[in-house]
Structures are given as C-alpha cells and as structure tokens.
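Now for the letters of each chain:
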Amino acid sequence: MGLDRRAFIKFIVGGAAGTLFTPIPWKLADDSSIWSQNWSWIPRLKSGAVTADATYSKLCSAGCAVKVKKVGGLAFGVKGNADNALSQGGVCPLCANGAQMLRSPARVAGPMKKDGSAFKAISWDEAEALLADKLKGLKGQSGKVAAISGDGSGTANEVLSGFLAGLGSSAYYYMPSDQTTMAKAWNGIMGGSGQIGYDLEGADLVLCIGADIMDAFGPTVRNQKAIAAKRPIEGDKTVTLLYAGPVRTRTAAVADTWVPVSPDGGAAFALGLANLLIKSGKGASLGGFGEFAELAAKFGPDAVEKAAGVKTEALMTVAKALLMAKNPVVVVGSGSGQGGGVALAAAGVALNALLGSLTVLPEFPKAVSHAPDRSGLLAKDVVAWLADVDAGKAPTPEVLFVYEANPAYALPQAAAMAKTLDKAGLLVSFSTYMDETAALADLILPAPHPFERLDDAQSPYGLGKATYLLATAVAAPEKDCKSTPDFILGLAGKLGVDLGFGAFEDVLKAKVQAIGADWDALAAGGAFVSDRKGSAQADLGASALAKAAAAPKAQGTLLAALDHLNIGTGALATPPHALLTVRDTELYGKDLFVQMCAATAKSLGVSEGAKVKLTAGGSEITARVALNEGVMTGVVAAPLGLGRTAWDPFTKGKGDNVSKILAVSAEPGTGYSVWAGSAVSVAKM
Amino acid sequence: MHAKEFKIRWGMVIDVDKCTGCGACMVACQVENNIAPVTPEVDAWAGVAYDASNKLRTLNWLTVYEINNKKAFPEYEVAYMPRPCMQCASPACVPVCPVVATDKNEEGGIVSQIYPRCIGCRYCMAACPYHARYFNWFDPTWPAGMAKALSPSTSTRPRGVVEKCNFCHTRFQQAKDKARQEGGDPNSLADGAYNTACAEVCPSGAILFGDLNNPAHKVHALAHSKHSFRLLERLGLGPQVYYYSKREWVHRLGDNYLPNEKKA
Amino acid sequence: MEEKKGTKCCGGFLAFVLGFLLSVVAGWVLFPGMLYSELDQPIPFSHKIHVEDQGLTCDSCHFFREDGSYQGLPTNEQCSGCHSEVVGQTQAEAKYVQEYVQKNKEVPWLNYQYQPDNVLFSHKAHEPFECTECHPDVAKADKAPKYYENKLSGYSKQTMKMWQCERCHAENGVSNACHVCHK
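Top line first, the protein sequences correspond to chains G, L and U. Quick note on the numbering used here: the first sequence kicks off at 28 and runs consecutively. Quick note on the numbering used here: the second sequence kicks off at 708 and runs consecutively. Quick note on the numbering used here: the third sequence kicks off at 96 and runs consecutively.
No lab work stands behind these hints: they were computed from the structure. Every value quoted in this text rests on a predicted model; they were computed, and no experiment measured them. Glycine residues also receive a C-beta, built at the ideal position from the N, C-alpha and C atoms. It is possible that part of the hints are untrue.
Stated by the list, open to error - Residues from chain L that face chain G, not an exhaustive set, calculated with beta carbons under 10 Å: (1) 755; (2) 773; (3) 851; (4) 865.
Model the full assembly from the supplied sequences, consistent with the hints where possible.
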C-alpha cells in the first residue's frame with residue numbers, strides 16, 4: 028500500500044485534528060498574546076524594598092524639605108516631609124520632579140573644557156591644575172577674579188566668596204531676586220543688619236504688594252501652608268489675604284481682594300498707604316522718620332491714582348483693613364521675582380514698622396571667617412557691574428565663576444548680558460545641567476544634583492524666623508560630578524589660600540556647631556528654628572527714597588514679566604513632568620503667548636492669537652496674543668522661563684526668552700539697576 | 708446603569724478657593740504612575756505640535772483647569788480646579804467597554820482600568836463627560852536614562868491602550884498591607900493611611916482624600932457641606948469627587964448653569 | 096480502469112488515525128521540550144544546607160518588612176550577613192562571594208513565579224496560608240528546581256495564570272474584582 032494523495036491529505040487532516048487535542052494551538056495563542064504585551068522597548072518596573080530618605084531639595088530657589096523615594100536603592104520619586112516645620116509635607120512642582128532630574132538628558136557627564144566650538148571631557152585633576160595655573164597670576168588683582176552665585180541661602184557661598192577674598196578680589200555677586208532687592212534697601216540704603224523676615228504664621232492680614240507669595244516669592248510651599256493653616260476648609264478664617272499688583276496672579280486667585288496696581292506703581296501705592304497710616308497716628312521707631320513722613324505726605328490719594336492706577340476708594344479700603352488688623356504683615360516684591368526698586372522695598376519696611384510687624388532675622392554665625400558678610404554681598408548690583416565691564420568702566424574678569432546660576436539666560440537684557448559674560452577670559456560654570464551659561468562657558472565643572480550632595484540653607488528669604496536646614500546625599504551619583512565647595516577648598520589649598528577647612532562637610536559641621544543645632548536631627552530632615560530676633564535699627568533713608576519714588580512714570584505699554592514656578596527658574600528649565608502643566612495660553616508649539624485684556628488689545632490693534640513683536644532694552648521677542656481679563660489695562664503680562672536655547676529637546680526652542688526685553692534703568696536717588704515694570708512696545712507682525 | 712453600593716467609597720473634596728494652580732499635583736501624579744514625558748515631535752500630517760503644549764495629546768490623568776467668571780477687568784476672577792477621574796457611582800465608561808477592561812466592582816468604589824485587556828476602541832473616552840480618560844497614541848518614550856527607576860506602583864502601558872486616574876490604587880493595597888502588618892483592620896483604614904500622590908504633595912492642602920462613607924474621615928462631613936458641589940451633577944453619574952467653594956460663580960460653572968437659570 | 100478498490104476506506108482512515116496520533120504525541124511529548132528552555136540558577140543554592148544544617152526557617156530570609164511588603168528573594172544585604180566572606184566549603188559559595196558580594200552585584204536569580212508588571216500580588220493578604228500551600232517545599236532540597244523558560248513569552252513554566260488565582264479566590268469567597276490583583 029503506497030501513500031497516495033488522498034491518504035496524504037487524510038494524514039494531514041488527522042494531524043490537524045490531533046493538534047486540537049494537544050496544548051499546541053491554545054498555548055501558542057496564549058503565549059503569542061503575552062509576547063505582544065511585552066515589547067522590549069517598554070521599560071520594566073524594578074522590584075525591591077521601597078524606602079524614603081529625607082533631605083532638603085534645592086531645585087527651587089528657596090528649597091523644599093522632601094523624602095526621596097527609592098525602590099531597591101534607586102531614586103524614583105519625591106514626597107514631602109511632613110515632620111519638617113518649613114514644608115510640612117508640601118512639595119513644589121519642581122522638587123516633585125527631582126528624582127527624574129537626576130537622569131535628565133541635559134545633565135553634564137563630567138568636567139568639560141571648550142575645544143573650539145565643542146566640549147572635550149577632561150579629568151578633575153586637569154581642571155584643578157588648569158584653574159590653579161590661571162589664578163596664580165591673578166592674585167591680588169581686584170576685579171580680575173569674579174563670581175556670580177544664584178544660591179541665596181547656602182554656606183557654599185562662604186567658601187566661594189572667602190576664596191575670592193583670599194585671592195584679593197571682592198567681585199562676588201548674587202543673581203538678582205526679591206532677596207537682593209530687599210538687601211539693597213535694608214542693608215544698603217537703610218543701614219540695617221540681618222535679613223528682613225515675614226511672620227505669616229502670626230499674621231491676621233497679609234498684604235502682598237507685587238510679591239506673588241504662592242508662586243514666585245520666597246519659600247512658596249511654606250507660604251501656601253501658612254496661609255492655608257489659617258483658612259481651614261470648614262471653620263473661621265483667621266487671615267485676610269490681599270494682593271496688589273498688575274496681574275491676577277496665583278496669589279490673587281486665592282486672595283480675598285485683588286487691588287490692580289500698575290507694574291511701576293508699587294512704591295507709590297505703598298507710600299500712599301504709609302501716608303494714610305501716619306495720618307491715623309501710626310509711628311515707627313526708625314531713624315529719619317520725620318523726613319519719611321514728609322515724603323509720604325506727597326503721596327495723597329490723587330497722586331497714588333496717577334502713579335499707580337489705584338482708585339481712592341480702593342486705597343482707603345486697604346488702609347482701613349491694615350489699621351483694623353491686629354497683626355498685619357506687608358510683603359513687597361515683584362511679580363517677576365526680580366528687578367524691583369529700592370523704593371518699594373524701603374516703603375515695605377516702613378509699612379511693617381508703622382504696623383508694628385517689622386521682623387528682622389539675625390544672621391547665623393559664619394563658618395568661614397575670611398568670608399565677607401552675606402548681607403553686604405547681597406546688596407551688590409550685578410547688572411550694573413556687568414554693564415560697567417561692557418563699557419570698560421570695570422576690569423573684565425579673567426576668571427568668572429558661575430555657581431548655581433544661569434546669568435546668560437536669566438539676567439535682564441539677557442542677550443546683551445550673555446555677550447558681556449562671554450568677554451570673560453575663562454568662564455567657569457559649576458552647573459549640573461547644560462544650561463545657556465554652561466553652553467557659553469570655557470570650563471564646566473558640574474556640581475552634583477541636590478539629592479547627590481551635601482548642602483544647606485540659612486533662612487531662605489521670606490521666612491518669619493531664622494531657620495537652618497541641611498541637605499544630605501541620598502542618591503548615588505549618576506555622573507562624574509564634584510561638590511563645588513569641595514573643589515574650591517582643594518583649589519584654595521593649591522593656591523595657598525587658607526580657608527580653615529579641608530572639606531565642605533567640616534565647614535557645615537562647624538556651622539551647625541556654631542549655630543547650636545543637632546547634626547543628626549538636621550540630617551534626618553528636621554529644621555532648626557530660632558526665636559532670636561535681629562536688630563530693627565535702621566534709617567528710613569528718605570532722601571534717596573524721595574528721588575526714587577519721584578521717578579517719572581514710564582510711558583506706553585508696561586511689561587509685567589511673571590515668574591511661574593512650574594515653568595522653572597532661571598537655573599532650571601521646565602522639568603519633563605512639569606511640561607504639561609504649562610498652559611496652552613502661555614505656550615503652544617513653538618509660540619510664546621503674552622497676556623493682555625481685551626481693552627489693551629483693542630488699543631494696540633491686535634486680537635486673540637495675533638502674532639506680535641515686543642521690543643525693549645535693545646532686544647525683541649516674538650509672541651502671540653492671549654486675551655486675559657486678569658491683566659490690567661495698559662499692561663502686557665509675559666511668562667518667564669521659556670525660550671531656552673540649551674538644555675534638552677523638551678524645552679529647547681519653545682517660546683522666547685522674556686528676560687531679553689526686561690529693560691534696565693538706574694533708579695534715581697539710589698543708582699541701583701531696576702527693570703520691574705519697564706515699558707515695552709508691542710507691534711503687530 | 709444601576710449604582711452599586713459599597714461599604715467604603717473613596718472620594719475627594721477639593722477646595723477650589725485654596726488651589727493656586729501650581730501644578731505640583733500634576734507632576735506628582737505623573738511620577739507615581741509612570742506617565743512618560745511627551746516626546747517633542749511635530750505631527751506633520753495634522754500640522755499640530757505633538758509636544759506637551761498640545762493638550763489633546765498629553766496624558767493628564769489629573770488636569771488642573773483654569774476657570775473664570777467671564778467678566779471683564781477688573782471684575783474678573785479666576786480659580787483653579789484639579790480634575791482627577793470622578794470614579795462615578797454609575798460610570799458612563801463601564802457599560803460601553805466591549806471587553807470589560809474597566810469595571811466598578813471592588814470594595815472602595817474605584818473604577819478599575821486594566822491595561823492588558825483594553826483593546827483601544829476608545830468608546831469609554833467618548834462616554835466620559837469629564838474627559839478623564841486618555842489614550843496612548845504612541846508608545847511611551849522616556850528620555851535616555853530616565854526609565855532607570857520607574858515608580859513600582861503602576862505598570863507601564865504600551866500604545867493603543869486607554870488609561871485614567873485610579874486614585875493611586877496601589878497605595879490602597881499598600882495601606883491594607885501595612886494595616887495587616889500592624890494588626891489593624893485592612894477594611895477600616897484610618898484617615899490618611901491611604902492618600903493619593905496628588906493630595907499628599909499639594910502645598911496648600913487643597914486636595915483632601917478619604918472614605919466618603921466613614922464619619923471619621925474629613926471628607927465625609929465636607930462632602931455634605933452646603934459649599935460642596937460636584938461637576939456636571941445633573942447628569943446623574945454620581946461622581947465621588949466633590950469641589951468646595953464659597954463662590955457662587957464656581958458652583959454655577961460646575962454644572963453649566965445658564966445666566967438666568969435657577970440653581971438646582 | 097474504473098474498478099473500485101475495496102481497501103480504499105481502510106487505507107484512508109489509517110492515514111487519518113496515524114496523523115492524529117502522531118500530532119497528539121508531538122503535541123504532548125515533543126512540544127513542551129521545544130517551547131521551554133531549561134535554565135539553571137546563576138548560583139546553585141542549596142536550601143538543605145541552610146535549613147537542616149544551619150537551622151534557618153522560611154522567614155529567616157523570606158520575611159515581611161515593616162510596611163507589610165514582602166522580601167521575596169533575599170538580596171546581598173541579607174545574604175552578606177553571614178556570607179560577607181567565604182564561610183563554607185562549597186565552590187558555589189565561593190563563586191557567590193567573589194563574583195557578587197565583593198563586586199557589590201545582585202545575583203540575577205531566576206524567579207519561578209515571575210509575574211508581569213501589571214499584576215499585584217500581596218503576600219501579606221495571603222499570610223494565613225502555609226508557604227507550602229502554593230510553593231513547593233524546597234526546604235529539604237539540595238538543588239534548586241530547574242527553571243523552565245517559555246521561549247515565546249519569556250515567562251517561567253511555573254508562573255501562575257489568572258484562572259488559578261481566580262479559582263482560589265472564588266472558592267474562598269474573596270473578591271475577584273480586577274483591581275484586587277492588577278495595577
């Protein structure tokens with residue numbers, strides 16, 4: 028019997044029927060479906076013990092007390108530290124993304140040297156030798172070695188500024204912020220000592236003049252917690268919140284009243300209030316009070332309406348509220364968190380003094396004794412210095428250190444500032460990320476991510492009590508970075524500059540001991556809070572104030588640049604998971620949106636979505652119009668933090684950099700650089 | 708669909724008068740649930756940006772809406788409203804799913820969304836009036852190195868699958884395990900033992916989470932407050948997320964009341 | 096020629112039966128061998144030495160953590176409590192200490208019950224059961240069981256399927272809601 032075709036077919040059919048009685052088809056179908064659910068390019072989760080290690084995150088300017096969540100030892104997320112007196116468990120949108128920023132594609136992998144137009148990797152030893160060589164020849168030449176720091180609260184500044192002092196240079200500057208503006212007023216013009224504080228926790232009325240306390244001013248998490256604690260969801264409110272500014276900011280959104288004040292009218296508004304308070308019998312025990320009262324008298328309701336756009340009725344209501352409150356606190360600042368004038372800052376101090384709520388925090392003792400006093404450095408004008416360097420009035424630095432700052436992007440008139448920075452002989456950036464300044468730099472010596480390093484914060488500006496916080500390394504280093512103060516201490520050793528310490532840990536241990544705090548409690552995430560008060564002795568500086576407050580009103584459309592924390596800071600571009608919190612009325616595709624109300628749009632001849640060009644300070648940006656009735660007439664609001672030219676594909680090339688059109692002028696009477704509330708010309712494209 | 712009764716009803720009360728729109732909740736949600744950052748590409752065919760600014764393409768399980776009273780300056784008022792999945796009592800999305808990838812059948816009342824079962828037909832997205840469901844148009848891509856440690860709480864999803872807020876359900880399981888470890892009752896968790904990522908991180912404490920049926924939980928009393936309302940209440944879906952505001956215009960906007968319509 | 100062959104139906108039927116039987120045999124005997132690859136654990140771990148000789152119990156190495164989660168396969172942190180240096184005589188232990196403990200590398204153990212990421216299994220909820228009700232009793236075994244890896248899906252042969260969990264839940268009156276086991 029041979030196998031003919033029919034038998035063969037029957038054999039095959041038999042085989043097929045047989046497979047139905049085997050696991051083959053069912054198993055293959057099941058396994059194929061599982062195979063299709065497990066594509067190799069979809070990452071798998073890690074397993075292991077989940078732990079949460081406490082530290083202090085300095086990704087945002089003031090910092091948040093956090094617990095870094097780890098699985099099997101790898102950091103994956105962040106939650107708040109409920110036991111910390113500062114943050115009480117809250118986290119800002121930037122620090123909430125801290126674990127992801129550990130592995131950002133914008134991170135600098137290790138020390139780099141500029142070679143032509145590209146960067147070449149070098150070793151830490153080579154970098155140290157290079158700098159030691161360069162700095163040897165510059166010892167004793169003031170202004171030839173300079174530094175710009177964006178960290179307003181860290182002791183690392185003592186190491187860096189002490190190092191500069193040891194080399195004979197006093198050219199140490201801080202990036203402009205509400206903190207430096209207040210230092211110019213309180214420590215500079217008014218001759219006060221210590222740091223101005225705001226006791227929100229004890230207040231029953233908080234008046235914010237320009238200062239967007241919930242979004243852009245000081246320790247935003249603590250500000251939100253302090254106000255929220257006094258406004259329980261069911262129960263009596265024990266604080267009234269008033270916001271006075273040109274835009275209905277996030278603080279204004281939750282405030283009881285929004286008083287529209289033009290961007291350049293804050294000082295006039297504050298002086299107008301001071302006038303009403305003085306007329307009601309309030310006094311202040313600060314020097315030069317008589318002169319100040321005379322100055323305030325010039326700001327009657329009509330003058331205030333002219334200068335600030337505030338109607339008499341609104342002014343009276345606010346003054347009345349201040350007088351009726353038991354513990355009113357006035358917080359002054361700028362919606363952009365920078366560029367405000369001394370006039371508003373001093374008027375704010377005066378108002379708090381008149382209301383009996385002037386809080387001054389004492390400075391913590393220095394660890395590095397050679398380091399210059401912090402308040403003196405905070406009062407220096409970095410914008411004026413760079414303008415002088417550009418004009419040849421000040422020596423061009425041969426070595427310029429940039430620590431925790433991004434001046435090429437974030438300084439006002441940014442494009443011009445970047446050119447000036449480029450003039451520096453050796454621009455050294457300690458940035459963790461490839462930001463705009465690092466991209467310009469000749470040498471990048473990356474500092475570790477805040478979770479990977481030891482750091483600290485002394486009374487972040489805006490607090491009501493002197494507070495000390497410690498950050499410890501809780502994540503394993505991802506890249507070849509070195510703590511900046513440790514690098515500087517090593518460099519100092521090579522150059523014969525004795526700062527008294529060999530390692531940064533010793534500096535901080537000495538600091539903690541001098542303060543009288545407990546290292547272990549701080550390392551576990553606690554905050555050291557002191558009830559000690561600083562000296563409230565100062566002179567109101569009315570003569571300088573008078574000139575500043577009498578500055579002519581800016582003409583035309585005014586720019587209200589807004590600092591939104593979720594978009595990022597100057598030194599930190601939008602973290603990847605914060606990208607979708609940016610509204611499509613601020614950024615869409617590559618287009619930046621500026622906000623204005625319908626009345627302003629009509630007067631400028633533009634409509635919703637129209638493409639416009641904004642020009643000021645010798646620079647221009649392009650944007651589209653978004654109509655927003657929360658912006659005062661005659662004002663254009665624009666978000667800071669966009670228009671990055673470095674970083675990563677997520678943030679690069681999106682929108683435009685509003686810092687370019689922040690036009691700088693010198694404040695009459697004080698000479699300090701100001702740009703808050705500057706004019707801008709808006710033209711339809 | 709007939710509303711199922713549960714002994715425990717996980718819900719939220721969100722204080723719209725406290726929310727500053729900072730976005731920390733949105734960031735914490737993405738980190739907890741392994742939502743990949745949106746890859747920057749231009750959808751050349753449609754001519755729109757496929758990046759985080761195109762809100763039709765982003766996966767905002769929790770979206771913070773900006774609402775206003777539609778008045779001109781200076782009477783203009785603005786508020787911020789975080790919107791998670793409402794975990795409705797009679798969800799519109801559950802009966803329309805052809806493969807039962809979504810169901811409301813667990814004690815606690817959280818509407819589940821099971822990714823391996825979902826076939827991506829998006830009927831549920833069409834059904835949900837709150838736009839709380841999102842579709843993975845593309846495979847998720849993390850920037851190089853960022854996928855190194857993902858949150859162990861939520862599985863990653865491939866393209867073609869619908870996802871939505873699940874009240875950080877893994878934290879519920881973890882809270883139950885912790886209760887068992889400590890000798891407590893997993894079916895009677897204390898207020899705060901189980902908390903979602905968004906509520907945990909909120910700097911102003913605007914988001915409150917808890918068991919709506921349990922008088923010992925904060926949200927129980929607050930949900931019954933005269934200042935509390937639910938979005939699109941008149942649709943009758945029975946959302947388990949309440950909003951709290953002392954402002955009348957916020958209440959009226961919450962259910963699209965016409966200017967002259969009397970409020971129910 | 097048009098003569099009908101008498102043996103046509105028998106010959107055809109035989110071919111059918113032959114094909115049927117061959118495929119059944121192939122499906123039940125040959126197929127599993129083809130589908131699964133046999134793998135060994137990276138370190139030949141002996142439970143017998145640890146349990147009988149050293150007197151350890153299941154929960155000496157497989158225990159519940161403070162937060163109620165389960166430490167399944169121990170990590171170097173647990174093992175190096177005794178094995179930070181070579182303490183025994185076997186080659187396996189020497190290999191473990193040299194290549195893993197001293198190099199600070201975790202052993203890539205093959206997990207017989209490896210579940211996909213979307214499955215959430217809580218050992219704490221199953222604590223009332225004895226370990227051996229679900230896991231084979233390896234306490235007396237000197238060699239670890241063989242690991243069979245499915246070449247197509249990548250999972251182990253022993254990985255429990257959904258119907259097994261569902262059946263036991265149904266039998267014990269425990270909820271079979273989706274979210275109970277999925278994440």
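A quick look at each hint next to the structure:
no., hint, verdict
1, 755, "holds (7 Å)"
2, 773, "holds (7 Å)"
3, 851, "holds (6 Å)"
4, 865, "holds (5 Å)"
Hint violations for this structure: none, all hints satisfied.
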